[in-house]
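S.K.: Hey, can you work out the whole structure from these sequences and the hints?
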Amino acid sequence: MSTASRPTVWRPAFTLGVVLMVALVLIAVVAPIFVTGSATAITDDTALPPGRGHPLGTNDFGQDNLARVLVATRLTLIMTVCAAAISVFGGLVVGVAIWLAPRVVREWCLRLLETAVAYPTLITALIIAAILLPGATTAVLALGIAGIPGFARVTANLAGRTARSEYFLTSRFLGVGSYQLAVRHMIPAMAEPLLVLATTIFSATLVEISALSFVGLGVQQPEYDLGSLLNDSLESLYTQPIEALGPAVMIVLASVAAMLIGDGLAAHADPRTARTWSPRTPEANATASPAADDEALVRVCKLAIRGGQQRRALVKGIDLHVAPGEIVGLVGESGSGKSLTAMSVAGLLADDLDLEAEELRVGDMNMKGTPTAAQLAQEIALIYQDPGTTFNPSRTMGPQLTEVLRTHSGYSRKEAQQAIIEALATVGIDQPELRMKQYPHQLSGGMRQRAMIAAAVVNRPQLLIADEPTTALDVTVQVEVLRIFHQLRRRLGTAVLFISHDLGVVGELCDRVVVMRDGAVVEELTAAQLAAGEVSDPYTAALLDAVPQIDTSRGLPEGSRP
Amino acid sequence: MSVTVKDEARPVPAEDDAIVRARELNLSFGYHHVLKDIDLDIPRGRVVGLVGESGSGKSTLAKAIVGINRISSGSLTVAGAELARAKRRARHALYRRIQYIPQDPYSSLDPRRTIAQTLAEAFDPKSANPRSHAEEIAAVLESVQLPASVAERYPHEFSGGQRQRIAIARALAVGAELFVADEITSALDVSVQAEIIRLLARLREGDAEHSMIFITHNLAVAQAVCDDIVVMRAGRIVEVGELDRVFAAPQADYTRTLLDSVPGGKGFKLS
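Chains as they are written, first to last, in my numbering: chain V, 6 to 567; chain U, 69 to 339.
Rather than coming from a laboratory, the hints here were simulated on the basis of the structure. For every residue, glycine included, the Cβ atom is placed at its ideal position computed from N, Cα and C. Hints may be right or wrong, so weigh each one.
Claimed, not checked - Here are the computed distance ranges between Cβ atoms for each label pair:
no., chain 1, residue 1, chain 2, residue 2, range
1, U, Lys-194, V, His-491, 58 to 66 Å
2, V, Ala-525, U, Arg-114, 43 to 51 Å
3, V, Arg-169, U, Lys-194, 19 to 27 Å
M.R.: Here it is as structure tokens:
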């Protein structure tokens, strides 16, 4: 991610917010210098309607309403900035300190903070303001302090994320002190989201400070801010409604400006919101017509995939085929394009990637088009890497395992359940009826993966695509799962496209191995060639070489080694 | 390991041949009894593999040794000091004699700090000023086969393997006596894993001072790196010994099952 490719922050809404805010600040700086006279001088022109010389009319003392609004903006903005600063600074200190404190203190403080957050800010502020003498300073202090818990809670959440990260832990074990930990690692990591939150705090504080003045607990006569101007206009609201308009519009404008700036910053901080791409259009024809002499189940011809901002080639025109009942291993390191290739075969390539191919078919389905969901469910089954995330943790296994059968194969609930229970038994899961009623977390990782495979093949699909299905498993469990793949092919004749980075696993299971690197196929080998080490490509040789081999004879006495 | 940094503040190690000694060590998280009656001696100057499957407690034990996890009962002596009983100051001094290298190279470096800043913090946690340690930083980077010019760059500019080298460099910079490496090759591609294994072997040449606990679930990797092995299962130690001897003639059934599960190994059978 280079800074050059980062989208600009100056989008229309953000620009509007900044322009508004600059204008308001200018008014706050300039207005009191020029129009204080007409805003404070008591004249005989009392309660005039809007007209020449007085665009918003005058009040009961003959003071110009517009001038008063412009002058009041300064005090409101200053008070808001001060109160928001107290909330932000106080919240930051509390939030960070909580995560640097010992665990027991932290837990108590977090609960205390949550209780404090439950009280509305304005009510807390009203209580503080009522205890102290009403006035501008009181209003600022009250709102500033009342805003601390909310900001501290968010800061503590963000700080907690950093505190649990490995780099923070490592630094702590290097003997770095608490203050340095906070300044070096914690605060920089949350600067962006906190900046966004600060603008929200600003806008909320602005409204609340005006509310305090409006009810008479804020700024006192003869000083005035936007809130007390609203209060003044209340008495003559029916005879002179225009007097309320000025302060009301000003409060809204300032608040909206801060919100727009905050939104713009948030959008900029999260690059996902700026993603611009048009989804690829699938071919209209979903049926493939394979050549008469082509007996392959899967046929991929010159598959090319492009993606990213620069439309970089991720897969570069590869050929691949899988015969019915064959187990083909697709091997490569990260970035080799093996998963992208498999996902294209399954018709599941992400929408923002471009796909081109002379031929891409499974059976008679054209995977460049969009075969119906029922057809896909019948023909292709998928097994993912992590059995911990393939199931919905809040539902029992039963409905999740029977879903495909019920939706696409016209099974009733009972029939589907019976079929799955039988399938679970064939992959060696004991008490299958009980497992159906259990939640995913009650099964071990190996059991979940076996259940996934069992459910996937109930339909007798022609092709099983397995994306690193044993990578997340322990070795002893990995053997069991590999055995199930092996039996499946013998029993049902299911073809398997097996993606893996582990040449050892692939060598044991597959009939044929396709080695990929940087989006291209470098070599195709039979299992026998791989086992004998008969490789011709230097990359494959290097890859084989890199796999550490276990040698159980090293510890034997000299004479008895084979 | 070849890089040692002089540390005046370091106390003289007690006369003791074991860098880690655990006696009847138990550790529970709430009601979950994770480590059960662990008795273990890890001699100085050895690389000891800690192997076992998920849930075996190998990571929990390693984290207890570095002081991240508190033990519930029994005793655990590390570098001659009992961590659990040590006062705050003594514990902090002990921290720098043990270094933990985490698994994920993508989360072990602060993304907002340059490599030089990260390493400077290891040399001097107080000031962390990269300029006053420029030579040491270059030396420690060279020992993990990275050019000194990488110091000014940020973590996102490096691959997983390079980041893991930097994490190792940071542990070396501290001048610790004991390294605890937690699955440091598991998240890497095999070719990169091979590089890290070679690097560890090179760092170890002619070094009998430093000890390392190497946690892995991959027995072949353990054999490539370790002298001794500790096999764990469900919170207990099932077998301890010199690695090659254990692999040639495993005493525990579980060790044999593990060895037979390695694809490409002698005992591996699919049907």
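S.K.: A separate judgement is required for each hint: does it hold in the structure or not?
M.R.: The hints, checked one at a time:
At about 59 Å, the beta-carbon gap between Lys-194 of chain U and His-491 of chain V stays in the expected band of 58 to 66 Å. The given range of 43 to 51 Å is respected by Ala-525 of chain V and Arg-114 of chain U, whose C-beta atoms sit roughly 44 Å from each other. Judged by the Cβ atoms, the range 19 to 27 Å given for Arg-169 of chain V and Lys-194 of chain U holds: they are separated by roughly 24 Å.
In this structure, every one of the numbered hints holds.
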